[in-house]
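Chemist: Using the sequences and the hints given, assemble the complete structure.
Letter by letter, the chains look like this.
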Amino acid sequence: MLSLGIYRDGPLNHDALAAVHEEALRERPALDERRQAIGAEIIRIERSTERCFDASEQGQLSPERCFDASEQGQLSPERCFDASEQGQLSPERCAQRIASLNARLEDLRAQQAEPTYRVIAPDHATEAGVVQRPKKWAILGIARTGRTRPSSRAGRWMSGRRVFPVASWAMIGRWQRPSARRRIAGSPSSTRRLAGSARHGDFLTGEKTPSDVRIELLTTVRAVLQVGPPRFPTSARRWRLMHKPASKKEVDLSGICEARDKHSNKLYRLFCVIDRDAPAHGLALPSLVLLGGVVKPARTEAPQSEYGRIDRYRKDYQATHRVALGRGAAEWWPDVGPDMS
Amino acid sequence: MHKSKESAAFAELLAESFPTAEDRAAHEREVAKLVAFAELLIVLDEVRAGSKLSKAELARRVGVKPSVISRLLDGKGRNVQLDTVADVADALDVYIELRVRPQPKGKRTRHAPIKVLAA
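Line order of the protein sequences matches chains A and B.
Mapping to this note's numbering: the first sequence position 132 is 132, numbers consecutive.
Mapping to this note's numbering: the second sequence position 97 is 97, numbers consecutive.
No wet-lab data here; the hints were simulated from the structure.
None of these values were measured; they are calculated from a predicted model.
Just so you know, not all the hints are guaranteed correct.
Result set (BS3-like, lysine-lysine): computed pairs, CA atoms no more than 30 Å apart in a straight line [said to hold, decoys possible]:
| # | chain 1 | residue 1 | chain 2 | residue 2 |
| --- | --- | --- | --- | --- |
| 1 | A | K244 | B | K55 |
| 2 | A | K266 | B | K76 |
| 3 | B | K65 | A | K244 |
| 4 | A | K266 | A | K296 |
| 5 | A | K262 | A | K315 |
| 6 | A | K248 | A | K262 |
| 7 | B | K76 | A | K262 |
| 8 | B | K76 | B | K52 |
| 9 | A | K315 | A | K266 |
| 10 | B | K76 | B | K105 |
| 11 | B | K52 | A | K262 |
| 12 | A | K266 | B | K33 |
| 13 | A | K262 | A | K244 |
| 14 | A | K249 | A | K266 |
| 15 | B | K33 | A | K296 |
| 16 | A | K248 | B | K76 |
| 17 | A | K296 | A | K315 |
| 18 | B | K33 | A | K262 |
| 19 | B | K76 | A | K296 |
| 20 | A | K244 | B | K76 |
Modeler: Structural data, given as structure tokens:
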């Protein structure tokens, strides 16, 4: 997985190094001019320091004039002699001035000794903006307890600990099965018991979700993330993009993707939404948001209420994720940094 | 390939789902295989699109039904046949280079079982 990225980044690295080399050649005249300016300033400061020494040895230089002249780079022997005729040079201030000149001198010499051209490693070249890396994708879980429902959506989202990523992942996609047998849409002649008999079974980590299914769904989600949601085929067996329904009575889940798996004649669907605008909302990366899951028998359709629940999750996320991210981003993304919140 | 960053909650779920190192390694291998096959098909489809070749025309060149090409490039097939992929590559005037290499010995990290390099 990682090596795949390295291999695919190889040409990018070569391009980056070539671009850096070209840029170095292009900037070479300006750098040479800067080096010459630094050398000239070093010579000027060295002369100024020597003049200060000469004046202090004679003990006749005005401190004010010495400072003014040295700061302006106009300290000349003639002016030193004039100053010596008019006043007294304080040895302490002269020493202070010489110390500051020496510090500046060392700084300039360090700049002069610094190599003008550097071979920039690929990683540094990337940081310097030479290489535009592919977009990164992030995975983001939405969790909710679902016990009580405050009146407003924002209130539902923010009340208590409804948005928290740690351990609450188990709550993602909770699905309470209707208590009675119900007729399945699309198969009017049959009444079948829906899967997921646990009343409050959690979708991914619940007992009714086999570990094989969970592994398959996680494999799909992680593969989609690594390939990149826009590139991963959305009509694949494992990963589908939902389209507009044929009938207005059905819930419109267009734009939502689902990770799919089949196990023991049951179909498992994990619904996700791709948030390309996540960086505009404060996240560092475009995000893949896990909404929830549905289990249904093969060759049947889940009740529209279940799809409606998924659609509510999506709308909740779209309507409130700015607020939620402002409060809980640090928990969701502990290793990303302050730009998340 | 895009590089992803997974949230702490998701990392925790992964740790819970794959408690042992062997489970996690097996999972990573499965992810790597899925990514590699997806990348392979994506690269072939990008070559096809770059050649301005329709899937129907590609199917005609390969000598199969259009649905075969469509299912292959859309990732609908359960098992990608190397024979079919080689025929598709040949029809696209590209070739696929396969190398079998041993895993590095004496190192903790193993390479993914299959990699796809950029075209």
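Chemist: Taking the hints in turn, state whether each one holds.
Modeler: Verification of the supplied hints:
no. : hint               : verdict
1   : A/K244 with B/K55  : holds, 25 Å
2   : A/K266 with B/K76  : holds, 19 Å
3   : B/K65 with A/K244  : holds, 29 Å
4   : A/K266 with A/K296 : holds, 6 Å
5   : A/K262 with A/K315 : holds, 27 Å
6   : A/K248 with A/K262 : holds, 28 Å
7   : B/K76 with A/K262  : holds, 15 Å
8   : B/K76 with B/K52   : holds, 22 Å
9   : A/K315 with A/K266 : holds, 27 Å
10  : B/K76 with B/K105  : violated, 37 Å
11  : B/K52 with A/K262  : violated, 36 Å
12  : A/K266 with B/K33  : holds, 25 Å
13  : A/K262 with A/K244 : holds, 23 Å
14  : A/K249 with A/K266 : holds, 25 Å
15  : B/K33 with A/K296  : holds, 28 Å
16  : A/K248 with B/K76  : holds, 28 Å
17  : A/K296 with A/K315 : holds, 23 Å
18  : B/K33 with A/K262  : holds, 19 Å
19  : B/K76 with A/K296  : holds, 21 Å
20  : A/K244 with B/K76  : holds, 20 Å
The structure fails hints 10 and 11 (numbered hints given earlier, in ascending order).
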